[in-house]
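**Student:** Given the sequences, and given the hints that come with them, work out the whole structure.
Protein chains: 2
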Amino acid sequence: MARIALDVMGGDHAPAAPVAGALLALREFGSAHEIQLIGRESVIRDELARQLAGEFADVRDAASALSVVHADEVIEMTDKPSVAIRGKPNSSMAVGLRLQSAGSSDAFVSAGNTGAQMAASAFILRLHDGVNRPAISTLLPTATQPVIVLDAGANVDCSPAELVQFARLGAIYAEDVLGRANPSVGLLSIGEEPEKGNAVVKETHQLLAASGLNFHGNLEGRDIPAGVSDRGPFDVVVCDGFVGNVVLKLYEGMAPMIVGILLKAGVAKSQIAGALAHLDYASVGGAPLLGVKGVSIICHGKSSPTAIKNALAVAVKTVESRMSDHVGQRLAQHDAASVQS
Amino acid sequence: MARIALDVMGGDHAPAAPVAGALLALREFGSAHEIQLIGRESVIRDELARQLAGEFADVRDAASALSVVHADEVIEMTDKPSVAIRGKPNSSMAVGLRLQSAGSSDAFVSAGNTGAQMAASAFILRLHDGVNRPAISTLLPTATQPVIVLDAGANVDCSPAELVQFARLGAIYAEDVLGRANPSVGLLSIGEEPEKGNAVVKETHQLLAASGLNFHGNLEGRDIPAGVSDRGPFDVVVCDGFVGNVVLKLYEGMAPMIVGILLKAGVAKSQIAGALAHLDYASVGGAPLLGVKGVSIICHGKSSPTAIKNALAVAVKTVESRMSDHVGQRLAQHDAASVQS
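Line by line, the protein sequences give chains A and B.
For the first sequence, numbering that gives the first Met the number 0 gives the first residue as 0, with consecutive numbering after it.
For the second sequence, numbering that gives the first Met the number 0 gives the first residue as 0, with consecutive numbering after it.
Calculated from the structure, these hints are not laboratory results.
Just to be clear, a hint being listed does not mean it is correct.
Which copy? The list can't say, so a pair holds if one copy fits it or any two copies do.
No more than 20 Å apart at the CA atoms, straight line, and that leaves these computed lysine to any residue pairs for SDA-like [said to hold, decoys possible]:
#1 79 to 272
#2 301 to 131
#3 263 to 48
#4 301 to 63
#5 87 to 301
#6 195 to 333
#7 263 to 276
#8 268 to 254
**Tutor:** Encoded structure:
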């Protein structure tokens, strides 16, 4: 049984969407896991009562799997990351993460301010040895299997050594949470030849080739939606957070554009909605912040109840696979190997 | 009447596709313009005879608008850019561009090695004063009007001052060739606030705000397919060539992925092909290399005959709008204004 702390105050549709997401999770998974609702107690209890009296009357009996943990303060989307650490020590983020560092919780899930969640997670959970900066991983749907893109916005100016750290973190995530054996890690560039790219990417290519990882070589933008390059399928795409964030948001914007064009051209919504459902970010829900000692799942600010429910499932899987322990072990092994060589 | 030199030896489907593109242009535009076919004369004459005897028998009489200019050497896709300048002085690229610098041609169009075309164009046509590096502009289709993205791969590590040059070049292109009045220029970043982005982008934001251009502010990846941000529509997207190339190729890869999913789900090809036709790069054909003194149109290596025909139309429009002269004049005006202020 996993104990998952859910930030009820975070996200564009808080508190309704997080509460509904928790209740959807109860409906789908039963009370196998404890969901800890973090935020202003009166707000949470009111919202819970309202939803259990209405749409979620069917799960009223399972609601004992929910607990409520009061947190006085709320981090706004416009707050600077440092607010999560110093300015608002009793925010739902800080309280939820401290539950974990105190051993009373196994994971934290939030659709709130991403920068604040990252800062608070790194500060409260701390980073594994060998990790300079935590990375945001994003799971992107492709024509074949989903791929992990990281960093997706946490770190905008990265060194080659940091990009190699992201590659290691992404490979462990792919193995533990997605079940990919010996995951193939590609480097996003502008041509498949090692000498293509900007200065940082060219140096990173050399480091990855010598890293011991299953290095796929360079990938180009067009390979991501295909999930496969000329050299076969890949699992992880490494890039700096500026490029990753542009990719992620462009990806998000393309499907609605194409759907819009098709609807205008007279294609029936029923024909395309189902087929393209897995391109919706909600189908993934959330992604672990990689490199922290513990589990912190980052959700899209616009998360719907379904997205939150799926993020809770990602949290459970991340806890049960013991991914954070594996990150620590693998980085330690790598360090030992580096020292010996 | 414009005189357009077409590289018959360049591109994945050369010489058939360039020759067919020229003949398509004859069929569509008549003999209003002269098309100069550049490459190995025997190859060109054989291909021309074959196509005029077959698919293009109807334009045999208009074929006098075509001329053939022999060029002994061919630049391969794998050749380094410098080969276009020193290694193969009699390539179809060098010969086509020299026609222009000698006053015998008004524009050069190629689907060959982009790096080589850029190097040869800068070397033979030379750059306008105030331009450090030429930029590849790409026209991307959106849910509304097409937008120009530059640089799309010529310059991977750019300074803020260079990004501002790209902004000026893109604005002139948008005005002259796309007919946009007072074009709105956005800066691609990872958040709309000026303080979002990497170090170069943050500094570029400040420079653009003071540039006298119609600065739209920051754009995010999702704004590109929409063609509009929260602050309204925009015409030009400025980024470095690494990011621009990733964006361009991701864009290229998304539509086929989504079409593939829809076809697999049973949507009829006839329903979607027409609606999505304008997302095909072939509908644009080619884009001017900006910053050179003259006209050099860069086409996709995979260009089909239709793409080449459309690129020839872009060349005519670029010549007739006198874009290159305007670039020179505007940069000189800007220099004068800078000196006075």
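**Student:** Next step is simple, just say for each hint if it's right about the structure.
**Tutor:** Results for each hint:
no., hint, in the structure
1, 79 to 272, "neither (37 Å within a copy, 46 Å between copies)"
2, 301 to 131, "neither (29 Å within a copy, 42 Å between copies)"
3, 263 to 48, "neither (42 Å within a copy, 44 Å between copies)"
4, 301 to 63, "neither (28 Å within a copy, 61 Å between copies)"
5, 87 to 301, "neither (23 Å within a copy, 55 Å between copies)"
6, 195 to 333, "neither (28 Å within a copy, 34 Å between copies)"
7, 263 to 276, "both (19 Å within a copy, 14 Å between copies)"
8, 268 to 254, "both (13 Å within a copy, 18 Å between copies)"
Going down the numbered hints, you'll see the structure goes against 1, 2, 3, 4, 5, 6, while the others check out.
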